Amino acid sequence: MTHPVCIFGTPADSREIVDVFLEQGRRVLLVPGPDAEAALARDGRRAAGLEVLAPARLLACGGGPGEFDLTFTAADAVVRRRVSALVLAHRPERHPHYASYGLRPAPAVLPAARLVEMDCRPPAGTAWNEVAILNGLQSESSPRATGELLQIALRLRREMRARCHLFTRNLKVAADGLEALARDARTAGVVFHKFTHSAPVIRQDEDGRAHFAFTDEITGLELRLAPDLVVVDEAFEPPAVVRELARTLELETDAAGFPQADNVHRLPVFTNRRGVLIAGAALPCGAAGAADASHLLLALRPESNPTAAQIDPGRCVRCLTCYRVCPYRAVSLAHRPEVQPAACEGCGICRAECPRQAIRIPGLEPADIRGLIAAERPASGRRPRLTVFACARSGGPAVRSAAAAGTSWEAQVTVVEVPCAGSLSRDFIHSAFDLGADGVLVLTCHDENCHSRTGNRLARSRVAQTQAFLDGCGLTGRLVLRTTAANMPAETGRTLAELAAQLTATEPGPVPGPAD
Amino acid sequence: MTTPPRVLVIGAGIGGLTAACVLADHGLEVDLVERGPTPGGHAARLACKATDRCVRCGACLVTAAIEVATDHPRIRLHLSSRTEAVRATDAGFTYRLVSETAAAEAAADAVLIAAGFDLFDPRDKPYGFGLYPNVVTNLQLEALLRSPGGVVKPSDGTPPARVAFLQCVGSRDRKLGHLWCSTFCCGASLRAAARIKAARPETEITVFYIDLQSFGRDFQSAWAGYRRSLRFVRGVPAETFQDGTAGIRLVWLELESHQAREETFDLVVLATGMVPSAGLAGAAAEFGLRPEATGFLPAAGPPGVFAAGAARGPMTIPETIADARHAAARVLSHLKPDATERPGRSAATRRTIFP
Numbered sequence: 001m002t003h004p005v006c007i008f009g010t011p012a013d014s015r016e017i018v019d020v021f022l023e024q025g026r027r028v029l030l031v032p033g034p035d036a037e038a039a040l041a042r043d044g045r046r047a048a049g050l051e052v053l054a055p056a057r058l059l060a061c062g063g064g065p066g067e068f069d070l071t072f073t074a075a076d077a078v079v080r081r082r083v084s085a086l087v088l089a090h091r092p093e094r095h096p097h098y099a100s101y102g103l104r105p106a107p108a109v110l111p112a113a114r115l116v117e118m119d120c121r122p123p124a125g126t127a128w129n130e131v132a133i134l135n136g137l138q139s140e141s142s143p144r145a146t147g148e149l150l151q152i153a154l155r156l157r158r159e160m161r162a163r164c165h166l167f168t169r170n171l172k173v174a175a176d177g178l179e180a181l182a183r184d185a186r187t188a189g190v191v192f193h194k195f196t197h198s199a200p201v202i203r204q205d206e207d208g209r210a211h212f213a214f215t216d217e218i219t220g221l222e223l224r225l226a227p228d229l230v231v232v233d234e235a236f237e238p239p240a241v242v243r244e245l246a247r248t249l250e251l252e253t254d255a256a257g258f259p260q261a262d263n264v265h266r267l268p269v270f271t272n273r274r275g276v277l278i279a280g281a282a283l284p285c286g287a288a289g290a291a292d293a294s295h296l297l298l299a300l301r302p303e304s305n306p307t308a309a310q311i312d313p314g315r316c317v318r319c320l321t322c323y324r325v326c327p328y329r330a331v332s333l334a335h336r337p338e339v340q341p342a343a344c345e346g347c348g349i350c351r352a353e354c355p356r357q358a359i360r361i362p363g364l365e366p367a368d369i370r371g372l373i374a375a376e377r378p379a380s381g382r383r384p385r386l387t388v389f390a391c392a393r394s395g396g397p398a399v400r401s402a403a404a405a406g407t408s409w410e411a412q413v414t415v416v417e418v419p420c421a422g423s424l425s426r427d428f429i430h431s432a433f434d435l436g437a438d439g440v441l442v443l444t445c446h447d448e449n450c451h452s453r454t455g456n457r458l459a460r461s462r463v464a465q466t467q468a469f470l471d472g473c474g475l476t477g478r479l480v481l482r483t484t485a486a487n488m489p490a491e492t493g494r495t496l497a498e499l500a501a502q503l504t505a506t507e508p509g510p511v512p513g514p515a516d
Numbered sequence: 001m002t003t004p005p006r007v008l009v010i011g012a013g014i015g016g017l018t019a020a021c022v023l024a025d026h027g028l029e030v031d032l033v034e035r036g037p038t039p040g041g042h043a044a045r046l047a048c049k050a051t052d053r054c055v056r057c058g059a060c061l062v063t064a065a066i067e068v069a070t071d072h073p074r075i076r077l078h079l080s081s082r083t084e085a086v087r088a089t090d091a092g093f094t095y096r097l098v099s100e101t102a103a104a105e106a107a108a109d110a111v112l113i114a115a116g117f118d119l120f121d122p123r124d125k126p127y128g129f130g131l132y133p134n135v136v137t138n139l140q141l142e143a144l145l146r147s148p149g150g151v152v153k154p155s156d157g158t159p160p161a162r163v164a165f166l167q168c169v170g171s172r173d174r175k176l177g178h179l180w181c182s183t184f185c186c187g188a189s190l191r192a193a194a195r196i197k198a199a200r201p202e203t204e205i206t207v208f209y210i211d212l213q214s215f216g217r218d219f220q221s222a223w224a225g226y227r228r229s230l231r232f233v234r235g236v237p238a239e240t241f242q243d244g245t246a247g248i249r250l251v252w253l254e255l256e257s258h259q260a261r262e263e264t265f266d267l268v269v270l271a272t273g274m275v276p277s278a279g280l281a282g283a284a285a286e287f288g289l290r291p292e293a294t295g296f297l298p299a300a301g302p303p304g305v306f307a308a309g310a311a312r313g314p315m316t317i318p319e320t321i322a323d324a325r326h327a328a329a330r331v332l333s334h335l336k337p338d339a340t341e342r343p344g345r346s347a348a349t350r351r352t353i354f355p
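As they're listed, the protein sequences go chains E and R.
Per the working numbering: the first sequence = residues 1 to 516.
Per the working numbering: the second sequence = residues 1 to 355.
Bear in mind the hints are in silico, worked out from the structure with no lab data behind them.
Incorrect hints may appear among the rest.
[Unchecked claim] Negatives, chain R to chain E, calculated, CB over 10 angstroms:
id, residue
1, THR63
2, ALA88
3, ASP90
4, VAL236
5, ASP243
[Unchecked claim] Facing chain R, from chain E, some residues (calculated, C-beta under 10 angstroms):
id, residue
6, ARG169
7, ALA174
8, THR483
[Claimed, not checked] Residues of chain R clear of chain E, computed beta-carbon distances all greater than 10 angstroms:
id, residue
9, LEU46
10, GLY58
11, ARG87
12, ALA91
13, VAL152
14, ALA194
15, ARG200
16, GLN220
17, VAL251
18, ALA260
Quick caveat, the model's predicted, so the values are computed rather than measured.
Where a beta carbon is used, it is the ideal one built from N, C-alpha and C, also for glycine.
Extracted from the complex, chain E is given alone in its bound form:
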């Protein structure tokens, strides 16, 4: 039987995911967080397959996908659990934009979340006859927030005939049904005030009532408003427990601190660690509900990995370079560094960085590279000879598309595709020259598009070092690095053609080929 999946999240945040997982026969370990009440552990559903560990803080995560070893502190004890995967499902915290509007919280100034809690009903004895809704008036809003605020506006219109004014800059409607919802709101009498080059002046009384003074940009009319209720929009930020989990689990984060890098390869629910997933509901713009659970279940499927790196214990000196550079946190430290095969992406960065050449990756050995370069070279002696090391995600497909489109280069081009440009060690580049190349082109993914995040940057610094060395040997201009993408065949073809032309104009490379 496989181990349970560990879901980090409050019962409310994770209800749908837990339900779907249990339905699909997965066991679940639910960890609501270090501030959760111990009662949850007792009262939490003892549905078959669900264990609630509360309160608990994750101390450490060892092992790898399929067999993570988690260590928690829970009430003064240390608790260990073995799980097959981790899911971070805590919803974002909502921080009302009071400060940016110059407002402070008051009975008449409430955040959107509070309106939802109150079911859009005023407290007894209060009437909301005139309501201002602030949606992206300072910082840009989002479709999720806009949908919620439009629903609030519609409720207030329909149920209590409140005069609703929605203040915004750009109305965010780029999601299913929002344009229609905005139209419905207009039809129901919600007034939209859009600001482009001006902003309302907002001040607040001592008793908390807000006053608005603004110029309608279309008519030029000057208007004033002193609403009974101001609904303030919110920023979505990762809660402290998620920030801590990201640190403990060594996860890449985006600019806001959410534990998923802003990288197309991580969408929709992946992190830089295989087996550690982030629920869509835990991201400001991710899918929620059943769609979320689907993605998570699909991502849990175990797969074999024939191309995992292997560390030779005889050569390893425990410098821990591999542990530090692995973008996927696939190196675990027990008695010595070991690669977790299920976590390894085969990117080759550890192999290239290891100062003792102690790491092997099937197919990525120097002998394999030399074999590939030598095999591709016909004995015709056509010049110039250009060896291209191309990332299989970008340069490889781009060159192949260019070739398929009939582009030809006045050169003999040998393309060696590698899983990541970060796997290019200096010996690969030297091998190319040793085997008669007049020039070497390294094609990497664009910055921030690299699947391993650091591979293209490592390639850039290694190429720079090698260029400096070649310059010292009087071989300037023979090693070039360019970034590209799989859907840039024209530009990539042009890069090859330019380099070929350049090399034709110079003397042949340092090592003669077989037909010379």
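Place chain R on chain E using the hints.
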């Protein structure tokens, strides 16, 4: 149900390719039927718009999906093909698979309609599209960006000095009954504009918009950058006038001054939106799936019939990938195949390729 189950996926754009890969990785046999001569749909025709860094549009993922699907042992890709004579059976459907050269009877246990979208035809608007050579659509701009010469005026092949982007052409349009935002166009226009600026910084670019939609993870920061290099005008001109050889005149109401303003541009890009693809209703009806009032499809219909991607409504590439994965999960849930296969890594989300 056959063993292993067979799924018919209609459309080999990014949605169909993604769903096919997920299903095939789970051991199912997939017939991926594409009406066009090449896979990849609209997204395969997009240019990479990275300047000094990736802009996260997701277009490069389409190439990977095409490669994986084309090589996958359990995916049969049928190009220039369509389905006909669909009949529901106890277990699923039978149909005729028709290509240019052949017709064959086939069967499937479930069908996933990922037929994508059409772009709104701007000849229905008085923008001079089809009449003035230098009025182009966003998709035509993508082709220019991909071409060796870069973005040039179709009339004479020289780079434009002043470019205008007109957003929301055919979207958010009550008179047309298109009550949707096409979601991808603000991002596509701004990224394209930034790429044009990076190649030729002297180009003057104006974006005419109604509401700028966010794109990417940190739009707030990106927005500040775009506002510095591009001019934004709120309000989209309703028509264009070709001014002899001087260029294309646009007239609009300037918000700040409340005055009419008139300027000439060398190149006008119409950010045309997504509409339900022609024939979608007919194809869906064959499987008992009825479009909604918008003309787009609901996510599911009769048992065994599913829809994903832009056929369900406008969505971006990353959203389509997510939606297709979700639809594939629902197909798996419906068919409950035996978990006999534990294939190695090949899915569109993970690639370890060595030559």
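Going through the hints against the structure:
A cut-off of 10 angstroms between C-beta atoms contradicts the statement that THR63(R) is not in contact with chain E; the least separation is 4 angstroms. No Cβ of chain E comes within 10 angstroms of the Cβ of ALA88(R); the nearest lies about 25 angstroms off, and the non-interface call holds. Non-interface call for ASP90(R) relative to chain E: holds, since the shortest CB-CB distance, roughly 26 angstroms, exceeds 10 angstroms. The beta carbon of VAL236(R) sits about 13 angstroms from the closest Cβ of chain E, which is more than 10 angstroms, so the claim that it is off the interface holds.
Distance check on ASP243(R): its Cβ is at least 27 angstroms (rounded) from any Cβ of chain E, clearing the 10 angstroms threshold; non-interface status holds. Against a cut-off of 10 angstroms between C-beta atoms, the interface hint on ARG169(E) holds, since the closest Cβ of chain R lies about 8 angstroms away. Look at ALA174(E): its Cβ gets to within about 4 angstroms of chain R, closer than 10 angstroms, so that hint holds up. A cut of 10 angstroms between beta carbons decides the hint on THR483(E): the least distance to chain R is about 7 angstroms, and the hint holds.
The non-interface label for LEU46(R) is inconsistent with chain E: the shortest C-beta to C-beta separation is roughly 7 angstroms, within 10 angstroms. A beta-carbon of chain E comes within 10 angstroms of the beta-carbon of GLY58(R); the shortest separation is about 5 angstroms. Its beta-carbon lying about 30 angstroms from the closest one in chain E, ARG87(R) satisfies the requirement of being farther than 10 angstroms from that chain. Listed as outside the interface, ALA91(R) is consistent with that label: its C-beta sits roughly 23 angstroms from the nearest C-beta of chain E, beyond the 10 angstroms cut-off.
Every CB of chain E is more than 10 angstroms from the CB of VAL152(R) (nearest about 14 angstroms), matching its label as outside the interface. Distance check for ALA194(R) against chain E: the nearest CB is about 14 angstroms away, which clears 10 angstroms, and the non-interface claim stands. Distance to chain E confirms ARG200(R) as a non-interface residue, since its nearest Cβ pair spans about 15 angstroms, more than 10 angstroms. Not every C-beta of chain E lies more than 10 angstroms from that of GLN220(R), the closest at about 5 angstroms, which undercuts listing it as non-interface.
The beta carbon of VAL251(R) is kept farther than 10 angstroms from every beta carbon of chain E, the shortest such distance being approximately 17 angstroms. At the 10 angstroms boundary, the C-beta of ALA260(R) stays outside the reach of chain E, the nearest C-beta of that chain being 14 angstroms off.
Hint violations for this structure: numbers 1, 9, 10 and 16, all remaining hints satisfied.
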